[in-house]
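Residue numbers (this note's numbering), protein chains in the order written: chain A, 3 to 281; chain B, 3 to 281.
FYI, nobody ran anything at the bench for these hints, they're computed from the structure. Just to be clear, a hint being listed does not mean it is correct.
Identical copies look the same in the list; a pair holds intra-copy or inter-copy alike.
In silico lysine-lysine, DSSO-like type, Cα no more than 30 Å apart, as pairs [what the hints assert, rightly or not]:
1. K109 - K260
2. K171 - K263
3. K200 - K263
4. K200 - K138
5. K171 - K255
6. K29 - K278
7. K255 - K237
8. K200 - K155
9. K255 - K23
10. K260 - K200
11. K237 - K200
12. K255 - K200
13. K171 - K260
14. K171 - K200
15. K255 - K19
16. K157 - K260
17. K200 - K278
18. K109 - K56
19. K24 - K263
20. K171 - K19
21. K263 - K29
22. K278 - K19
23. K109 - K19
24. K109 - K29
25. K23 - K237
26. K23 - K200
27. K29 - K56
28. K237 - K263
2 protein chains.
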Amino acid sequence: MNVTIIGIGLIGGSIAKDIRKKGLANKIIGVESSKEIGSRALDLGLVDEISELKIAVSESELLILATPVDISLQLIPDLMGMITQQTIVDVGSTKWDLYNSIETHPKRDQFVLAHPMAGTEFSGPEAAVEHLFEDKVCILCDTQENNLMHLQKAKHLFRSLGMRILLMKSEEHDLHAAYVSHISHISSFALALTVLEKEKDEKKIFDLASGGFDSTVRLAKSSPEMWAPIFRQNKANVLRVLDTYIEKLNAFKEEISKGNKIELVELIREANRIGKVLK
Amino acid sequence: MNVTIIGIGLIGGSIAKDIRKKGLANKIIGVESSKEIGSRALDLGLVDEISELKIAVSESELLILATPVDISLQLIPDLMGMITQQTIVDVGSTKWDLYNSIETHPKRDQFVLAHPMAGTEFSGPEAAVEHLFEDKVCILCDTQENNLMHLQKAKHLFRSLGMRILLMKSEEHDLHAAYVSHISHISSFALALTVLEKEKDEKKIFDLASGGFDSTVRLAKSSPEMWAPIFRQNKANVLRVLDTYIEKLNAFKEEISKGNKIELVELIREANRIGKVLK
Chain A
3 MNVTIIGIGL IGGSIAKDIR KKGLANKIIG VESSKEIGSR ALDLGLVDEI SELKIAVSES
63 ELLILATPVD ISLQLIPDLM GMITQQTIVD VGSTKWDLYN SIETHPKRDQ FVLAHPMAGT
123 EFSGPEAAVE HLFEDKVCIL CDTQENNLMH LQKAKHLFRS LGMRILLMKS EEHDLHAAYV
183 SHISHISSFA LALTVLEKEK DEKKIFDLAS GGFDSTVRLA KSSPEMWAPI FRQNKANVLR
243 VLDTYIEKLN AFKEEISKGN KIELVELIRE ANRIGKVLK
Chain B
3 MNVTIIGIGL IGGSIAKDIR KKGLANKIIG VESSKEIGSR ALDLGLVDEI SELKIAVSES
63 ELLILATPVD ISLQLIPDLM GMITQQTIVD VGSTKWDLYN SIETHPKRDQ FVLAHPMAGT
123 EFSGPEAAVE HLFEDKVCIL CDTQENNLMH LQKAKHLFRS LGMRILLMKS EEHDLHAAYV
183 SHISHISSFA LALTVLEKEK DEKKIFDLAS GGFDSTVRLA KSSPEMWAPI FRQNKANVLR
243 VLDTYIEKLN AFKEEISKGN KIELVELIRE ANRIGKVLK
């Protein structure tokens, strides 16, 4: 089976590495809008060749759409027009807008909406790593609208990467993703901006970076080209979660400002419950 | 040399482990307000004996004060009254209030204000780990007011734990700590509260926990008994940073809500600069 990966960055490149390692494809074809990124992906051995979208599609059985979510949305109409029997699997972080764009398409059943929940704060083909997806969760959305053969191909791919598959509706996915992934990124970006604005003496930031700051701010290194479109596509959910988050910060502000010892301990103790939920 | 550790939790216990491993003390005496915690620390071999404060002080050369910062503030007057030639090193996360409480004391020069910047989200003697401080920074505050012999003893301790020493004023420490440690914890607690409130179906939180949520929310497991007093003692700085943080979140809210693509990318790109500062 030939596989085409459209967008060979952190996610596309990491999928390519595992596909090669597990021997899932005879040939991996890369499609890249940037010639320079394409040639870096080729040099890194992530793909066997770089090709035009149309040619790549015609030569492949499985197409993996791993571009930023705004680009994916733009590409989908063309892509749907090009396929014959191929399976398309998109691996972006938002699903509802994509779902709406394909819902009534005659080849809807060949398009599998997937979100392999894994990543790092790095981007580009150099960020691709093996085993990125191992023991992580892959959400597949609205799969009742998929043809079984195409769905099985997608499931086989993600299971081969070591992922556990979870099914939900696109709408539900976007709501959950806002809570457990999108807000974490905004929280981290805002934290970075706060520190950068106030700490003029940057040497001191580095020196003091061991107080828990590293882990909360790690995600602030994440790519704007990837994340801005995610926040825009998931606008309603993200804004709702952001409101709640600011509300909770204001609760802390109030208790600290009033010097309320018991209430402050209570807030933190309530937050501690997250440990039980996550373990 | 005998060393007394007052408060044998995550920090006190981890210091005890390294002191023992490096052979820095003949005997490690533990002082604990809770009998039960004291006996657990003894069972874990963190200390050689548990003793009353007064006896422990009289038998030791070096006293390490590792209680929550509110307790430290309460203990200091008694402790200062008990010492003769001993060195006291406090290892709490706030320094300004402690500094003010000892500033004019005749034995001020025996009290070294330290903040070894290391920790985990866990607490209690069972949370103690070896090498917690290795390659981390230890801030020593207002050391020009210390007697050289006492200061050298503290420096030797932290260098033996593998730490790099950085000097600053207590007031400056508290400001920086608010930016790089205290706000990270509030950010994380508030994130946990947000998700806990809205995600009624807790199974789903677990399933989706791989989208970056884990690292930003890790600190939300931290102890209320340790952190509430820190926020209260560093109130003015923490409130100021919290205001800036909420301002930055509102900036994200505005750009997302208006659908401003370029401005949103710009905000994230600005936040990305933190990567250069931290590396």
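Hints violated by the structure (numbers, ascending): Going through the list in order, the structure violates hints 1, 6, 8, 9, 15, 16, 19, 21, 25, 26 and respects the others.
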